[in-house]
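Q: Here is how the chains run, residue by residue.
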Amino acid sequence: MSEPALGQPVAAAAVVDRAPRRKSWLRRFVEHRSGLVGLVGVVIVLVAALFAPLLAPHDPAHQYFDGLTIEGDPLPPSSTYLFGTDTLGRDLLSRVLFGARVSLLVGVLANGAAVLIGLIVGVSAGYFRGWVEVVLMRLTDVMTAFPALILAIALAAILRPSLWIVALVIALVNWVWIARAVYAQVLSTARREFVEAAGALGARTPRILGRYILPQLVSTLMVFGTLGISSTVLLEASLSFLGVGVQPPTPSWGGIINESQSYFLNAPWLVIFPGAAILIASLSFNLLGEALRDSLDLAERR
Amino acid sequence: MIPYLARRAVQAVGVLFGVSVITFLLAFLLPADPARMIAGRSATVATVENIRTQLGLDRPIHQQYVSYLGRLFQGDLGRSYAQRTDVNRIVKSRLAPTLQLALAGIFFELLIGVPAGIIAAIRRGTAVDQTVMTLAFVGVSAPQFVVGLLLIYFLAYLVPIFPLGGYGTWKHLVLPAIAVGLAGGGWYARVTRSAMVEVLRQDYVRTARAKGLLPNRVVFKHVLKNAVLPVVALIGLDIGVFMGGIVVVETVFGWPGIGQMIWQAIRLVDIPVIMGGVLVTALFVVVGNLVADLIYPVLDPRIRYT
Numbered sequence: 001m002s003e004p005a006l007g008q009p010v011a012a013a014a015v016v017d018r019a020p021r022r023k024s025w026l027r028r029f030v031e032h033r034s035g036l037v038g039l040v041g042v043v044i045v046l047v048a049a050l051f052a053p054l055l056a057p058h059d060p061a062h063q064y065f066d067g068l069t070i071e072g073d074p075l076p077p078s079s080t081y082l083f084g085t086d087t088l089g090r091d092l093l094s095r096v097l098f099g100a101r102v103s104l105l106v107g108v109l110a111n112g113a114a115v116l117i118g119l120i121v122g123v124s125a126g127y128f129r130g131w132v133e134v135v136l137m138r139l140t141d142v143m144t145a146f147p148a149l150i151l152a153i154a155l156a157a158i159l160r161p162s163l164w165i166v167a168l169v170i171a172l173v174n175w176v177w178i179a180r181a182v183y184a185q186v187l188s189t190a191r192r193e194f195v196e197a198a199g200a201l202g203a204r205t206p207r208i209l210g211r212y213i214l215p216q217l218v219s220t221l222m223v224f225g226t227l228g229i230s231s232t233v234l235l236e237a238s239l240s241f242l243g244v245g246v247q248p249p250t251p252s253w254g255g256i257i258n259e260s261q262s263y264f265l266n267a268p269w270l271v272i273f274p275g276a277a278i279l280i281a282s283l284s285f286n287l288l289g290e291a292l293r294d295s296l297d298l299a300e301r302r
Numbered sequence: 001m002i003p004y005l006a007r008r009a010v011q012a013v014g015v016l017f018g019v020s021v022i023t024f025l026l027a028f029l030l031p032a033d034p035a036r037m038i039a040g041r042s043a044t045v046a047t048v049e050n051i052r053t054q055l056g057l058d059r060p061i062h063q064q065y066v067s068y069l070g071r072l073f074q075g076d077l078g079r080s081y082a083q084r085t086d087v088n089r090i091v092k093s094r095l096a097p098t099l100q101l102a103l104a105g106i107f108f109e110l111l112i113g114v115p116a117g118i119i120a121a122i123r124r125g126t127a128v129d130q131t132v133m134t135l136a137f138v139g140v141s142a143p144q145f146v147v148g149l150l151l152i153y154f155l156a157y158l159v160p161i162f163p164l165g166g167y168g169t170w171k172h173l174v175l176p177a178i179a180v181g182l183a184g185g186g187w188y189a190r191v192t193r194s195a196m197v198e199v200l201r202q203d204y205v206r207t208a209r210a211k212g213l214l215p216n217r218v219v220f221k222h223v224l225k226n227a228v229l230p231v232v233a234l235i236g237l238d239i240g241v242f243m244g245g246i247v248v249v250e251t252v253f254g255w256p257g258i259g260q261m262i263w264q265a266i267r268l269v270d271i272p273v274i275m276g277g278v279l280v281t282a283l284f285v286v287v288g289n290l291v292a293d294l295i296y297p298v299l300d301p302r303i304r305y306t
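As you go down the protein sequences, you meet chains A and B in turn.
The first sequence begins at 1 in this note's numbering and counts up one residue at a time.
The second sequence begins at 1 in this note's numbering and counts up one residue at a time.
Please note that a few of the clues may not be correct.
[To be verified] If you want a taste of the chain A side facing chain B, the calculated C-beta under 7 Å gives, among others:
no., residue
1, Asp141
2, Phe241
3, Leu279
4, Ser282
[What the hints assert, rightly or not] Listed next, the stretches of chain A that the computed footprint assigns to chain B, with coverage defined by at least 3 CB atoms under 8 Å from CB atoms of chain B:
no., stretch
5, 152-158
6, 283-292
By construction, these hints were calculated from the structure, which means they are not laboratory data.
Quick caveat, the model's predicted, so the values are computed rather than measured.
No residue lacks a Cβ here, since even glycine has one placed at the ideal position from N, Cα and C.
Isolated chain A, as found in the complex (with noise of 0.2 Å):
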């Protein structure tokens, strides 16, 4: 599938004709195996996410006495502490486990408020056009100038961070590329026949949008919902490695990679446990979304 040009809108499935083959999206999906992976390394995540406290050894917030060297270093990994320790002599695994939730939770309201945001702008500024449609449009141009980690740095310490509040702000800040691409598909929908008949047989607005628009856009909300993720995901962690995300005690990867800094030479598995765990996340909706557009989208070719 060729990327389209640059600087435009992106248009994540092109105007489809469904009715031959909208049935075999499906297959098409199983038959990609990386989406087969992606799909796999999502349901770890939730599971260790959901299951944390059933899953975990020991107690996240404990900090052991013999969790430490004499010296008052991170244990490496052993058979008590399958991932080692912490500054704090925490065990890493149940942290980690524990992060699961906060990261993922994090990653999924805030995609979630993303994706409401970016339809609201996209469907209002593509359906109802006029001033709407410029001062809407201008305004995700604007905000597309502003580097998303930099606007979310400076939003979360206005807003004092907290679970919610990262989440807010990392919806503010991802929320521009949903709504251009929902602007571009509804553009083409709105104008097409179909919709026009439904306007010229009485059709008020509201069941326009209901019946003929937003049902056209359900796959593209399918793949930004899980593509979207990915990307929060990582904000997050950022986020919370510069200490404005996720505060301590809560674990959050990102969080325990930050609190573990200046022990990080000794100690790498701080570094490298948390890490492949959000690796492991972000790459699986990665994986599943882009599988999902690839399956949805009717228009490619390969």
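Chain B: place on chain A using the hints.
A: Positioned in the frame of chain A, the structure of chain B alone reads:
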């Protein structure tokens, strides 16, 4: 072409205006009292009020914005609260390191990404293709600070080839640039691959092969020239983004770039520096976008803008 250029320029200016508004609002909302910060801790209430009036901080918000805008047009970004210098000077001192890291980062992105993309395109559909693309995904999904920290661990600590961080010689530049390159290389690989796949399908490539040209020659002479377009556009975008500073990599390696400047300013609530930094960042992004958009017709004369 010219009308398009003019329109894009006007649009860019509009975006910059919007950026200044949002930046101003952000600074306005920051929970700090500039007057008190300048006055210092032991100042009396009267002194703080005096300073507040002097700085015009008690005027209504739109008036403050207008005078802010006026100062911007004169190139005055204000004075830092934390350091007693003009923001201009601070930003200027950060430009060189930021540019170095940006260029070096792009170099590694190209070095890692483009050959990978070419190989994947030539061997598309095979295991090589899948492996390369999966690696590209891994690169894109990996958190940059983890990559950076691991690079430090393996190449600066275990095997001390490179320094642990900081700024100075070319050796200090290598690891941060590789960190950037590994993460961004994935994008370049994918873009290169799809561009090449697109070109490889073209008829003139079939003609070249049918003429009997060696496959290598086909690739390098015909395909690459035309597939390079999206890569160049990506470079334009990247320069824009990188010149805004890559906070995370700069923090990990202690690289004195613009990103780190903004980050420290946020921690110190040094509002003028924050605003100046964010403005400069957005400026670079907008210019980068503009250049990327304008490069298309230069490289591909078939593209015509009304």
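Q: Could you run down the list of hints and mark each one as holding or not?
A: Here is what the structure says about each hint:
1. Asp141: The hint holds - Asp141 of chain A has a Cβ within 7 Å of chain B, the shortest such distance being about 5 Å.
2. Phe241: Result: holds, 5 Å to nearest chain B Cβ.
3. Leu279: 5 Å, holds
4. Ser282: 4 Å, holds
5. 152-158: With 5 residues in contact (Cβ-Cβ under 8 Å with chain B), the coverage given for the stretch 152-158 of chain A holds.
6. 283-292: holds (count 4)
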